[in-house]
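As a plain string of letters, each chain reads:
2 protein chains.
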Amino acid sequence: MQHILAIDAGGTHTRAVRADAAGHCLGYGVSGPGNPISAGTEGALASFTEAALQASGGGNVPPFARIVFAMAGHGAGLPLERISASLAAVGIHGPVSVESDLLAMFCSGTPSPDGYALAAGTGSVAARIVGHRLDRVADGTGWLLGDAGSGFWIGRRIARAAVADLDGLGPATALTDLLLAELGLGRTGGRATGRPRELLQLIEALYALRPVQLSRFAPLAFASRADAVAASILRDAAAELAASLRAVREEGVTGPLTIGGSVLSALLDTGALNAEALGAGGAGGGDGGSPIRVRDGAVGAVVLALVRGGVPVDQGVFDRIVADVERLRAP
Amino acid sequence: MQHILAIDAGGTHTRAVRADAAGHCLGYGVSGPGNPISAGTEGALASFTEAALQASGGGNVPPFARIVFAMAGHGAGLPLERISASLAAVGIHGPVSVESDLLAMFCSGTPSPDGYALAAGTGSVAARIVGHRLDRVADGTGWLLGDAGSGFWIGRRIARAAVADLDGLGPATALTDLLLAELGLGRTGGRATGRPRELLQLIEALYALRPVQLSRFAPLAFASRADAVAASILRDAAAELAASLRAVREEGVTGPLTIGGSVLSALLDTGALNAEALGAGGAGGGDGGSPIRVRDGAVGAVVLALVRGGVPVDQGVFDRIVADVERLRAP
Chain A
426 MQHILAIDAG GTHTRAVRAD AAGHCLGYGV SGPGNPISAG TEGALASFTE AALQASGGGN
486 VPPFARIVFA MAGHGAGLPL ERISASLAAV GIHGPVSVES DLLAMFCSGT PSPDGYALAA
546 GTGSVAARIV GHRLDRVADG TGWLLGDAGS GFWIGRRIAR AAVADLDGLG PATALTDLLL
606 AELGLGRTGG RATGRPRELL QLIEALYALR PVQLSRFAPL AFASRADAVA ASILRDAAAE
666 LAASLRAVRE EGVTGPLTIG GSVLSALLDT GALNAEALGA GGAGGGDGGS PIRVRDGAVG
726 AVVLALVRGG VPVDQGVFDR IVADVERLRA P
Chain B
426 MQHILAIDAG GTHTRAVRAD AAGHCLGYGV SGPGNPISAG TEGALASFTE AALQASGGGN
486 VPPFARIVFA MAGHGAGLPL ERISASLAAV GIHGPVSVES DLLAMFCSGT PSPDGYALAA
546 GTGSVAARIV GHRLDRVADG TGWLLGDAGS GFWIGRRIAR AAVADLDGLG PATALTDLLL
606 AELGLGRTGG RATGRPRELL QLIEALYALR PVQLSRFAPL AFASRADAVA ASILRDAAAE
666 LAASLRAVRE EGVTGPLTIG GSVLSALLDT GALNAEALGA GGAGGGDGGS PIRVRDGAVG
726 AVVLALVRGG VPVDQGVFDR IVADVERLRA P
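Top line first, the protein sequences correspond to chains A and B.
Sequential numbering of the first sequence, starting at 426, is according to this note's numbering.
Sequential numbering of the second sequence, starting at 426, is according to this note's numbering.
It should be emphasised that the hints constitute simulated quantities derived from the structure, not laboratory data.
Check each hint, because a few of them may be wrong.
[Stated by the list, open to error] Just so you have them, the derived chain A footprint on chain B, three or more residues with Cβ under 8 Å:
1) 459-465
2) 568-580
3) 584-591
4) 624-634
5) 660-672
Using N, Cα and C, we set each Cβ at its ideal position, and we do this for glycine too.
Let the hints inform the model, and build the full structure from the sequences given.
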């Protein structure tokens with residue numbers, strides 16, 4: 426009986442799971458960044474082979490029935506042949522296919538073929554899933570054009586609020602000193618060319634970052650929720666995420682809502698966003714249950730590898746995959 | 426009697442004027458981009474020497490009493506010694522100093538030492554001027570952090586509105602088809618991975634641009650003012666620019682308001698912004714006059730070169746400089 430290999434390639438970690446055709450998970454591996462855009466092609470391929478070797482218990486194993494990758498942007502332009510060749514070079518063989526990371530995240534939370542997913546980390550995106558396929562996606566259009574309510578979106582709002590505060594264009598906010606401190610700057614006093622000196626230093630420090638790196642400031646808003654500006658940023662982020670989810674809701678499609686990403690977790694934990702606002706209380710196509718939090722797409726990648734091979738995944742099989750992956754992950 | 430050389434180094438053109446100590450303008454030159462950031466150091470230096478040679482009537486001229494450059498970002502890190510050396514190499518000598526391009530723009534509109542300036546092109550900025558110096562600047566903090574109401578700001582709003590329209594997250598708008606057409610795209614129909622195909626194509630085309638290049642879409646909003654989304658973008662841009670100007674207004678500082686930049690002109694010409702909203706009608710430190718439109722900082726660079734040398738510039742001298750530059754520019 427041939428095994429399957431499921432690989433969840435994320436922005437910071439890559440996870441691989443080896444399972445048999447009944448969903449018994451037999452091996453697990455974890456390595457570094459697996460996103461070809463942020464890690465580079467060679468970096469991503471190295472992460473894939475490292476995690477795959479760990480999960481396989483070494484190379485030169487019997488060919489897999491299928492090797493399923495869960496990746497953002499459907500592989501971000503990385504040809505499947507490159508992935509196959511790099512795995513084959515360490516003795517790992519089998520037909521490679523790529524699934525959406527968002528779909529894998531959904532499938533990490535439920536065996537249901539239908540439902541909804543909402544994620545907010547550095548970026549943000551919502552999706553309706555029907556028959557284990559993405560049926561409708563909203564937002565996820567990146568830092569420049571969308572990703573409303575994401576870590577970048579919150580970080581940029583924080584940066585603009587601090588700049589506006591120092592510039593006299595916006596209200597005073599506790600975020601200003603927090604942001605200056607985060608960047609190793611302080612209130613220098615004094616003015617140059619008609620501006621406060623600390624504003625000039627702040628602008629220089631912020632433009633030295635790549636835009637998406639502004640997401641690292643998102644925790645500052647959670648750390649100063651008593652501040653009116655910080656509170657309104659978080660309130661707006663919550664409203665944007667709820668709107669993205671509303672846009673994919675459809676009366677006829679019921680099923681659970683799975684949620685993922687550090688920013689979405691923090692919004693829920695701090696009460697800036699509540700489950701009712703996500704329609705998980707039964708409104709608009711929800712199934713009346715609470716949102717299901719998932720930490721990554723490892724379980725979902727296994728589920729998709731089985732489902733795509735025609736193996737039905739019922740609640741029993743699903744629960745066992747979850748338990749297996751949990752056990753294999755334990756240190 | 427030594428002459429002065431005034432050079433207005435802009436993003437698309439560099440203008441040079443040679444004048445005597447009484448402000449009689451005797452030579453004029455124009456060349457390409459003079460911004461070291463966008464044109465590169467060598468490109469900017471080449472533009473400087475080309476315009477300077479034209480204005481001087483050739484090289485190997487008697488040393489100038491002063492050579493004043495009007496530049497964004499106070500020269501954007503280009504050392505004065507580099508500028509001096511490159512002019513000296515073609516026989517043009519004299520002490521070089523750099524002034525703010527915004528200050529030169531103000532001085533192109535009035536001989537008054539005090540007043541206000543508002544500019545909106547690709548970026549946007551407001552300033553209070555006292556004694557021919559920048560006393561207080563608001564915004565001008567760049568595309569990522571501010572520049573509210575600028576060409577980039579409007580272009581990004583247009584891009585986000587079109588993406589939200591196709592994504593089902595925002596209202597339908599005429600801007601969508603205009604933007605698709607501007608990028609050589611159309612309504613393809615069909616969906617892929619849960620999204621309309623034209624949305625995927627639009628996102629790819631927009632991320633292929635450098636962010637500031639989104640400013641090229643600003644004219645689309647002016648072209649579709651009957652559209653509710655376009656109208657609200659222009660209304661918001663006008664409000665942001667008025668707010669930046671309000672932030673620099675001070676009761677005790679009176680003087681004219683000079684305005685510059687293609688976006689600000691278009692907002693005024695289309696009625697999206699009216700002079701009263703800029704406080705030019707007498708409120709908040711205005712002098713009660715209409716805003717003075719200027720096309721660049723060439724006249725202002727001459728004014729600053731004279732003023733910095735201790736030559737007073739009254740209305741008569743100013744009017745003659747304006748007339749001289751106008752005449753020298755005529756083809």
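Against the structure, the hints:
Chain A is given as covering the stretch 459-465 of chain B, and this is violated because 0 residues of the stretch bring a CB closer than 8 Å to a CB of that chain, at least three being needed. With a cut-off of 8 Å between beta carbons, the stretch 568-580 of chain B has 4 residues touching chain A; three or more are needed, and the interface restraint holds. For the stretch 584-591 of chain B, the assignment as covered by chain A holds, since 4 residues bring a beta-carbon within under 8 Å of that chain's beta-carbons and 3 suffice. Counting residues of the stretch 624-634 of chain B whose beta carbon lies closer than 8 Å to any beta carbon of chain A gives 4, which reaches the threshold of three, so the coverage claim holds.
For the stretch 660-672 of chain B, the stated coverage by chain A holds: 3 residues have a C-beta nearer than 8 Å to a C-beta of that chain, and at least 3 were required.
When each numbered hint is compared with the structure, a violation occurs for hint 1 only.
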